[in-house]
Amino acid sequence: MGYQPDRSQYPQQREDGSLDIDLTSGKYLKLWQGPQHPGITGNMSVELTVCGDEVVEGKTHVGYLHRGFEKLMERRSFIQCFPIVCRICVPEPDFNEYCYAAAVEELAGIQSPERADWIRTLILEMGRINSYLMYLGGQAGSLGQGVIGQWTTYVRDLMLDRFEELTGARIYHMFILPGGVRGDLPDGFNKRMEETLCEIENVLKDVYETMFCNAVFKKRTVGLGYIDPELIEPYGVTGPTARAAGVAKDVRKDQPYLVYPELEFEPVVGTDSDVYARADVRRRDLLMSVDLVRQILSKMPNDGKLMTKLPNVLHWKIPRGETYIRGECSRGEYGYYLVTDGSGFPRRVNVRGPSYTHAVALLERLIVNINISDVAGLMVSLHTYPPEIER
Amino acid sequence: MQTLYTKLKQLFKLGELTEQRQDLAFITVAQEQLRPLLLHLRDREGFTHLVLLTAVDWMEEGQFQLTYLLNDRAGARDIGLRVMLPRDSATMDSIHDIWPTAATYQRELREMFGIGFPDSPGVNDEFILEGWNDIPPYRRDFDTLKYSEENYSHRPDRETTDPAQHMKQQLYPDEG
Amino acid sequence: MSIRDVLSPFTAWKYLFRDPVTITDPLNERPGAARYRGFHQNDVQACIGCGTCETICQNAAIDMVPVEEILTESGDSGLRPRIDYGRCCWCALCVDICMTGSLTMSNEYKWVESDPDAFRFIPGVDKKHWDDAELGYRRPEGHRLTPARRVEMHELEPETRIGSFAEIVDGYSVADGLLEAERCVACGLCVATCPTHMSIPDYIAAVRDGDYERGLALLYETNPFSEVCGRVCTHKCETACAVQHEGEPVAIRWLKRHITDQVPYERYREIVGDPAPATGKRVAIIGAGPAGLTTAYDLARKGHEVVVHEERENPGGMPRYGIPEYRLPYDMIDRDVDLIRSLGVKIHCNSRVGTDVTMDQLQQEYDAVLLSIGLHLGRSTRIPGSEHQQVTKAVDLLRAITDGEEIEAPRQVVVIGGGNVAMDIARSMARLQKQQHGEVNLTVTALEDFAHFLADPEEVKECGEEGIEILDARGPQGIMLDENENLIGLKTWHVVSIFDEQGRFAPSYDESDEQIHQGDMVIEAIGQMTDVSLLSEELTEKLEWNRGRLAVDVDGRTSESWLWAAGDCVKGPDVVHAVADGHRAANSIDSYLKEKTV
Amino acid sequence: MKEELKKRVIKGPDGFEFEVDPLQDYYCEAPPTVQPAAYQKIVEKIFNWARSESIWILGFGTGCGAIEMRPLMTPRFDAYRFGVQWRPTPRQANLFIISGYLSTKTLKRAIRSYEQMQNPKYVIGLGSCTINGGMYWDSYNTIKRLDDYLPVDLYIAGCMPRPEALLAGFEEMKKIIRAGKAEGGNLYAENFDWYKANQKKVIHDWDMPEHSW
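Residue numbers (the numbering used here), protein chains in the order written: chain S, 64 to 454; chain X, 388 to 563; chain A, 37 to 634; chain C, 13 to 225.
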């Protein structure tokens with residue numbers, strides 16, 4: 064019989080379902096976690112109402128990173144939108160570039176060359192590896208295990224070096240533009256990539272030993288933040304978070320895009336749907352991405368065009384239409400809804416970041432009745448990147 | 388998609404169908420038909436995943452377009468439902484009871500477009516903006532550059548010269 | 037939970053024995069990658085200051101600013117981009133779009149400063165330590181954001197066209213016009229270069245929008261000879277076009293013609309609009325060429341009464357009498373002239389000033405008079421034998437062809453001259469030879485070599501296609517006659533240089549390289565001059581002259597307050613310059629007339 | 013005004029009643045004051061040397077630039093060996109890196125964090141967007157010039173600047189501190205009203221204490 068908290072003082076539900084929290088009663092305390100807080104993922108905050116050391120209500124507050132991309136894009140021409148989209152998500156910017164480029168290509172009726180598609184897939188998988196590495200460091204760090212972050216950030220940095228030589232930038236690559244990609248693989252890229260991948264695999268072995276086979280980590284994460292598989296659809300849960308609940312949702316398999324049909328892989332699925340399971344799914348997914356990068360580099364055609372012929376981008380107009388392009392990013396389904404009206408500017412762009420549903424509706428539901436010290440661990444396990452929520 | 392449309396057409400009053408891709412189609416739906424249609428799609432046709440809910444401002448036509456994008460994973464297909472609302476006094480029924488996560492989308496639409504969703508939980512709370520004092524920013528008539536210039540200071544001494552004008556003055560100094 | 041879960045984290049201890057991964061000197065050890073997008077570099081000599089980088093920059097980070105050491109010249113605005121690193125996002129779209137490829141990026145990325153205003157600099161002009169960096173982002177081979185190749189213009193095949201004077205160029209189809217219009221980057225260097233400052237990017241935009249009537253209105257705002265210029269303009273604009281640096285210049289002239297082709301002629305008058313209410317002022321114009329008629333057009337639109345005196349049978353001036361029909365059909369000139377007539381301009385043909393009406397009369401009857409008499413006298417080489425009757429001048433021959441005179445084409449012709457007039461007469465004679473003898477036998481000898489040729493390259497190319505032989509760097513030395521005084525050819529020497537060290541015209545020859553070009557006729561096409569005999573002696577005395585040309589001020593006004601001069605007779609031969617000159621004179625006359633009213 | 017910001021009387025579980033006013037900071041009811049330099053020049057020099065070698069950064073990732081902090085905190089770039097480290101709370105930090113654009117919502121938090129830092133304190137603006145708005149120059153929700161709202165000692169160009177550029181920035185910052193030119197905290201105190209007026213111009217709902225440190 065474990066510890067059972069005394070919940071007799073907890074607030075009652077009102078008729079409309081909200082909680083009857085009387086701040087003057089002295090039983091409850093409002094506690095803000097974030098935006099300036101070490102236990103928060105990026106620049107966002109959770110407003111916790113606590114009773115004792117348990118959370119009775121949590122509200123997500125976002126908007127600290129709101130720059131109004133969707134508005135800014137409405138006054139930028141189609142090519143001018145290309146550099147700005149990647150800023151929507153910092154740790155894995157390439158999905159923005161891909162989704163935007165694919166949406167524009169579809170509505171403009173152009174096709175990116177085959178080799179460009181391979182390079183795009185390569186970049187997306189490299190970005191996924193980076194994102195997962197950051198996640199692993201964050202997940203361990205949120206539970207007090209700083210060393211994992213030291214290792215994963217190091218190998219992530221090796222991958223950033225590969226990004227740098229391929230795309231010409233470390234973080235914002237601005238490489239996938241409508242019509243294709245900007246350049247070819249540099250000489251000797253495959254060899255250096257292989258070295259980086261080996262290093263990542265080595266580090267992941269250590270991560271597995273130190274993090275996943277760790278009594279403390281297990282004790283704190285097993286059973287924490289359980290998501291009922293029934294909740295997956297109503298809450299719009301996607302990606303590894305859904306896969307850890309046993310739902311094999313993976314856009315790469317469900318509605319394949321780019322060159323995924325030519326790659327061999329099976330979506331990684333977990334069973335327990337708690338923080339540990341989600342971490343484990345992401346670790347295995349990371350290993351799968353390492354394998355995918357190898358597959359891509361070996362199967363890729365050796366030469367071919369990288370860009371289709373674009374019209375003069377300074378007066379590029381796209382006929383009226385609307386479309387939705389999705390891809391499987393490290394957090395789940397990433398998508399761009401693009402509406403054009405025949406002018407040289409997008410009519411409307413809507414970015415569907417997976418964190419949007421995870422960090423608001425889902426987190427607010429999961430956070431109830433957990434311990435304050437577990438909030439950070441839970442939040443990180445949903446792998447939320449705030450800028451894609453508010454854009 | 389065409390088969391689904393024909394099937395739905397027998398049950399609901401549907402507007403125009405746009406087949407964007409093999410696995411993506413958009414259908415215009417009347418405001419009052421939306422809820423039964425959503426329920427039907429979710430429970431009978433396998434469109435269980437609400438991908439997104441967003442709005443498009445067709446200012447010139449005096450309308451907002453709400454787009455409900457649904458995904459059927461097993462069938463690997465998407466359907467977008469378009470609901471046109473009059474731009475002035477736009478309100479729409481909330482669907483947070485069908486998909487709880489829709490409440491977040493509706494809160495954003497309320498804030499960024501000024502579309503009302505009565506009964507949606509917390510819909511009137513500030514979501515992204517704080518202390519906003521202008522018209523909802525995603526509306527087409529909101530000019531972000533003008534707002535930025537009026538409210539924030541930019542660094543001075545940025546002056547540009549028009550190449551054509553400058554060159555004309557240099558090459559033909561006699562012309563006024 | 038097992039004992040393994042307690043022990044396995046201790047494997048981390050092995051890191052104690054590993055080599056550190058730390059970079060020892062991160063400030064110096066890590067140059068950016070070979071294609072790193074770092075700070076900007078600009079090759080200021082190659083840059084033309086077109087401002088396309090400014091246009092594409094979505095951050096408004098680039099300003100075009102004048103730079104002292106860079107001079108404005110044709111095709112170079114004299115401006116250079118100044119980049120604000122308080123705005124830049126290093127996307128390199130400016131590098132991708134750069135028309136000359138001069139803008140690049142180095143792999144340098146460290147810049148720290150206390151003063152926020154210091155992050156603004158003109159790459160290549162403000163010296164930076166990365167100016168000479170060899171690595172960094174360059175636009176990859178073949179990566180272009182604007183189409184470089186021109187849409188091909190369909191022309192009659194050489195075999196077909198040589199047999200007649202039918203127009204060679206077809207004109208663009210709507211689809212082709214759209215594609216060609218697409219290529220323009222709207223930098224405006226052409227506007228500045230065009231003597232009459234036609235709003236080129238705007239009318240090209242009208243073509244893109246398919247709004248040809250807007251385009252036509254723009255054309256006739258600045259150029260009443262758009263039909264003519266759309267065919268035979270010397271298109272200075274295309275030599276300034278920014279697109280030419282890594283491709284071919286936009287076919288601005290053909291697009292102008294494309295607009296005029298697309299709008300039905302009946303619509304022209306309405307698009308141009310009605311003239312202003314009559315002012316009661318009267319202006320006389322001598323010579324119905326482009327300059328005179330442009331002035332007439334402008335003044336008529338402003339409500340003044342304009343009367344034009346033309347010596348020849350038809351109005352149109354040099355475009356009609358100097359340019360062959362295969363380049364500019366006569367009815368196209370008629371269209372422009374008729375439009376001007378429809379604005380109320382009266383044109384009296386066959387009315388030579390000095391004979392039919394005197395300058396004194398004009399001065400008394402009108403408020404102002406404009407001389408736009410062109411260059412209708414051919415110059416002679418004055419080489420031995422050039423007074424022979426089989427030596428003719430190109431202008432005279434071209435006029436005779438226009439007037440429909442019967443011309444007997446000799447079997448073998450030699451043309452002296454390397455300009456467009458030489459090409460025109462050569463090609464006209466070639467057509468006559470073809471019609472009369474079934475074969476072309478024609479040699480053109482030009483003073484200039486091909487690297488400095490005067491005629492348009494396409495003219496030279498088409499001459500070649502039509503079987504005309506062009507010899508460059510040949511200086512005429514004498515007409516060869518046989519014992520019966522019949523002309524048998526032309527003697528030329530090889531030209532070593534044309535100008536002396538001071539830049540004066542003083543050709544030097546290599547006498548050892550002598551050639552004889554056989555022919556029954558020699559045509560001189562080396563330049564024209566004005567026929568000023570119509571001016572009275574008294575007036576000629578009174579007026580100021582400048583090296584044989586009438587001296588005028590910037591507005592085209594002579595030393596006599598009532599008399600203006602415009603066009604070829606003061607500015608040298610060129611249609612579009614004449615049009616520009618016409619506008620200038622019209623403005624000046626108009627303000628003079630207004631002053632007179634007050 | 014939000015419910016939790018209203019003045020209220022709270023009755024504790026022990027029956028004790030007390031008044032709470034969330035919009036008042038009880039410990040500082042006056043604007044900040046200028047901190048004078050040490051009387052002896054040599055002492056001030058020693059202070060500055062010590063300050064320059066212990067740059068403690070507030071771990072508040074206000075924008076994109078935060079992502080390049082991680083590599084600096086970890087073995088590969090290892091900023092710790094240069095005397096630079098990250099602290100979780102403003103009370104322990106003396107350098108605030110504004111890592112990129114600031115939306116008005118974050119600006120509000122950044123100001124409070126900055127005010128809570130102890131003197132002497134420094135600010136580094138990271139990336140284009142702190143200098144002149146960067147790529148968000150026409151956005152309705154981000155400030156364009158950081159120096160309107162906080163005193164800035166140093167700017168680092170880039171979008172975003174790499175870790176190496178940040179290290180170069182730290183080196184430069186050290187020089188500035190050693191030269192005794194890093195007077196941001198005092199500048200803020202001297203022009204407190206000007207800064208407050210600028211801040212209030214863009215923060216429309218000012219529901220926080222006037223002064224907080």
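Treat the hints loosely; a few may be bogus.
Said to hold, decoys possible - Heads up, simulated DSS-like pairs for lysine-lysine below, C-alpha to C-alpha not over 30 Å straight-line:
(1) X:533 <-> C:208
(2) C:187 <-> A:164
(3) C:187 <-> S:122
(4) S:93 <-> C:212
(5) A:50 <-> S:254
(6) X:533 <-> C:213
(7) C:187 <-> A:163
(8) X:533 <-> C:212
(9) C:208 <-> S:90
(10) S:122 <-> C:186
(11) C:212 <-> C:14
(12) S:316 <-> S:380
(13) C:18 <-> S:122
(14) S:316 <-> X:533
(15) C:213 <-> A:164
(16) S:90 <-> C:14
(17) A:632 <-> A:607
(18) S:380 <-> X:533
Claimed, not checked - Beyond 12 Å from chain S on every Cβ pair, some chain C residues (computed):
(19) 59
(20) 71
(21) 112
(22) 150
(23) 154
(24) 184
None of these hints come from the bench; they were simulated from the model. C-beta atoms are modelled at their ideal positions from N, C-alpha and C, and glycine is treated no differently.
Taking the hints in turn, this is what the structure says about them:
1. X:533 <-> C:208: Holds, at roughly 24 Å.
2. C:187 <-> A:164: 22 Å, holds
3. C:187 <-> S:122: Given pair residue 187 (chain C), residue 122 (chain S) is violated - Cα atoms ~44 Å apart, limit 30 Å.
4. S:93 <-> C:212: 26 Å, holds
5. A:50 <-> S:254: With a Cα-Cα distance of about 27 Å, the restraint between residue 50 (chain A) and residue 254 (chain S) holds, given a limit of 30 Å.
6. X:533 <-> C:213: 16 Å, holds
7. C:187 <-> A:163: 24 Å, holds
8. X:533 <-> C:212: 19 Å, holds
9. C:208 <-> S:90: Violated. Residue 208 (chain C) to residue 90 (chain S) sits at ~36 Å, over the 30 Å cutoff.
10. S:122 <-> C:186: At roughly 41 Å apart (the allowed maximum being 30 Å), residue 186 (chain C) and residue 122 (chain S) break the hint.
11. C:212 <-> C:14: Since the Cα atoms of residue 212 (chain C) and residue 14 (chain C) sit roughly 18 Å apart, the hinted pair holds (cutoff 30 Å).
12. S:316 <-> S:380: 33 Å, violated
13. C:18 <-> S:122: This hinted pair holds, its Cα atoms lying about 19 Å apart.
14. S:316 <-> X:533: 45 Å, violated
15. C:213 <-> A:164: Not OK: residue 213 (chain C) and residue 164 (chain A) at ~38 Å, beyond 30 Å, violated.
16. S:90 <-> C:14: 19 Å, holds
17. A:632 <-> A:607: 28 Å, holds
18. S:380 <-> X:533: Judged against 30 Å, a Cα distance of about 25 Å means the pair holds.
19. 59: About 27 Å separates residue 59 (chain C) from the closest Cβ of chain S, which puts it past 12 Å; holds.
20. 71: At roughly 6 Å from the nearest Cβ of chain S, residue 71 (chain C) sits no farther out than 12 Å, so the non-interface label is violated.
21. 112: 9 Å, violated
22. 150: 7 Å, violated
23. 154: Non-interface label on residue 154 (chain C) violated, nearest chain S Cβ at 6 Å vs cutoff 12 Å.
24. 184: 21 Å, holds
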